[in-house]
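Quick mapping for you: the protein sequence lines, in order, are chains S and C.
Note that full-length UniProt numbering gives residue 127 to position 127 of the first sequence, counting from 1, and the numbers run on in steps of one.
Note that full-length UniProt numbering gives residue 692 to position 692 of the second sequence, counting from 1, and the numbers run on in steps of one.
Think of the hints as simulated: they come from the structure by calculation, not from any bench.
Please read all numbers here as calculations on a predicted model, not as lab measurements.
Quick reminder that beta carbons are idealized off the backbone N, C-alpha and C, glycines included.
Quick look at which bits of chain C chain S covers, simulated, 3 or more residues with Cβ under 8 Å:
1) 31-40
2) 152-160
Covered stretches of chain S, going by a simulated chain C footprint (3 or more residues, C-beta under 8 Å):
3) 11-20
4) 27-33
5) 47-57
6) 111-122
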Amino acid sequence: MERPSWAPQGIDISVPSVSRMYDFYLGGSHNFEVDREAARKAMEFMPGLPKIMQANRAFMRRAVRHATASGINQFLDIGSGIPTFGNVHEVAQADDPEARIAYVDHDPVAVAHSQAVLEGNERAVVAAADLRKPAEILENPEVRALIDLDRPVALLLVAVLHFIEDTDDPYGAVAALHEALAPGSLLILTHASYEGIPLSQEEAGGTVGVYRTIRNPLIMRSREEISRFFTGFDLVEPGLVSMPDWRPESPGSQTQEDPFAFSGFAGVGRKA
Amino acid sequence: MSIPAQASGAPDAEPDGPEGRLRRFATIWSRAIFPSTATSMTRPEFEQHLLPMARELSTILHARPFDAASAQRVGAALVDAHCTDPDALSSTLGVVDSYLVLYCGGNGPVELSTEDSRARCARIQHAFAGGFTQALRERTLAEQEAIARSALTARSHAEEALHATEARFRAVFKDAAVGIGIADLDGNILEINDTLTRMFGGLENHVRSHKVNEWVHPEDSPHVWKYYNELVRGEREHYSVEKPYYRNDGTVLWTNLTVSLLRDSEGRPEYQLALMEDTTERRLLNLRLRYEATHDALTGLPNRTLFFERLEKALAHKEGMRFGLCYLDLDGFKAINDSLGHAAGDRLLVEVADRLQSCATAPGEMVARLGGDEFVALTTGPRTEQEVDELAGRILSALATPIRLDGRELTVRGSVGVVEGPSGERTAAEVLRSADITMYRAKAAGGNRFALADAEADARAITRHGLTTALPTALDRGEFFIEYQPLVHLGDGSVHGAEALVRWCHPQHGVLGPDRFIPLAEHTGLIVPLGRWVLEESVRQANFWQERHTDGGPLRINVNLSPTQLHHPRLVAETVDVLERSGLEPGALCLEVTESALIGADDDLLKPLRQLAEMGVDIALDDFGTGYSNLANLRRLPVSVLKLDRSFTQGMQHHPADPVDMKIVEGIVSLAHSLDLAVTVEGVETGAQAEQLKQLGCDTAQGWYYARPGAPDRIHALLLADAV
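Isolated chain S (complex conformation):
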């Protein structure tokens, strides 16, 4: 029997959480020993993981600025995790104080923490929902109260789609969100891939194994597979590239980046 939507999942902090592991990679202390243990184990295989997370944050910042520069002031960040610093609302509201941000995550601890962080910010909310059920996101009252789907929205799927297995139809979920977005909306996306990792696939595979054991499998996809998420969107320049190569702020700065920062792909697409 499927769990009814009004019955929550239990909270078990003895199980590592990908959001808290992400926080740990970024030097935060919003994590428990189980999270750190799993993160350290993953780092045994890929010591550069923190650099990948950092590159994700940096890309997201540039992409949000690109969105505000294009006149978009609504943001839907799905898989937002534990907000540490440099969050979407900080970046976007620095550019446009009127910017509205809806965060969505299915980790109840991440949601509770986000609520605490966002308290007092009238233009930012967090909703508990799952990317696997896009309709629930689109119908969520908190999201709908803040985000006007008749106007362009920047949809952020940063470092989240690689946690959705094919059996859960990630392409269908993105298509459903695409369908709901107004023309001119942006899809801001990063995704893990074996491509670009400065390690052999066998070595990097150890990390994938760690995520599998914590029942949050990390799905590595090829560039071609990742580009399919942009169906219905026109990729803006420079297309689907390594994170540091997406519109670097100072030309050539990416040459100073850590080699791990080039793992996986990032891109921004615009709905026609």
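Following the hints, put chain C in place on chain S, whose structure we already have.
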């Protein structure tokens, strides 16, 4: 510690000025710690971010009085810039140790001694490390507390939601209108809701004291327990059945039961869930509706529907099985109903029903009321040949005792048609028709008897039946036509008129005379439109003759009126209408009414005839002498013609004529003439007859001697012949 080569190439307009040197320090610091930061700033941004911190360190180095503690703030600021990695501290301390004095030592207003600057630099590092550590500790504690609090919040939210969910489930379970029960796979009942307890009679213990598989009921459908066993073995996910249970007071509870298998998270069968809806009332209602639909409300006997169901079952082929059917119609029931009223008639029927029921009590026997005063008794089995006769006998003798009703003793008799035969040969409709026909035969034979069906009698009656059903369409299809038989003046032998005689040209049976179908038309009521058609047609024909035969005397047309037509309220109006439309004068029309139709006629019945007679229409009393009519009554009747029945004239066909017949006819003629009535004789077949009747004073005659009934042009020919 050596100076990195690139440090000398800082991008400043005045590389050797104090600001340029400060920037250089910031650049070196930024390079040293950027790899260990988690900031999302770019390198240039980060370097810009470090510049005010570098300036503060420079200021502290030169401050008077020297206050190393200020460096704590800078250490804390580094943590604020998300440089939380221990490497960030050690790298920073290395950079400060090696380059702060080198790049910033000469920037102050007062030149410091080397020793002094080294000492100050060391103390700055101590304070910086302390400030960094303090900030990192506070940040770590704050974040740990924040995440722990978030985890707690999330957990309490989840618990609240879970509690709400459980409360909802509990409410659903408790307040559901359907009975819900959960049992383990051994059948032990674990939980039941109040509705289920109430359904079972209100005692929870009564329900719980039995295992699920002990709730057996004799009316369980055969597959219930097969499904149950499949379900508890995990071979079936659910099943739905109609199932009865015993309540604690022994009454029966009927349910619509749905049982589902509940599995644990690993998919192993764990519990069985039963949902049941109380259908007892609905079932009773259905049974009652079924009873009402299949039983006669007055007598409580099975009705036509149920009888046909049983009969069809009895007629379905089964080796060696036979059926016997008695079809009973009470004799003269209509008279009882008419004279004593319907309420009395109904009570009579109830009494008859009771008596009949007592006649058919053996297994395989049933009595039903088909409607009105028609009842049937059915017997089935291998020996019905003998049994059905006995049954018919029992029925007649049950009716033999008079029935007491309102202080009177009523003798009720019946006619029974008996059909008996093997199963598997005839349909229910065929059997019932045969029984109906046979019953009429018994009735025709005088009633108060039973008759056995025989195929030949059936065939005759079936033709009658066929004619009856074909009658209504025959009129529409123009299958009727009229023949005319001349009426001849006995005095001069001239044609005086004609009698219209209707015929039916049946597509299968050929031309049929009125004796074959007029009684049927009377029975079905078709006689009214048929009679109207005959009247219109003959009047039209008579008018045609009048026009063609102007020089002859008035030519009359005789048309027969049946008893039903006599009772028809529009008789006068329609006759007037027909006459007016044709233009025929009323005196040319003679309506023939049988003597029997007027026996006991009251004024109401005679009134229309009187009206017609007053208009000038002649009324003839047909078949006179067959109906035991009260001769005294003749005065009262508005008739002007007596038509003597042919039975009186048969004795005159040959010479010498029967003297008794002669006397009778003479008497009748004399009586008629004294009442101013003309006399017409029918059935004149010989010249001798015609001569006798003429001498006896009869006025007109008809018969084969003159002409058989024929097409209208034959009359025309006769008229022309007369005229010659």
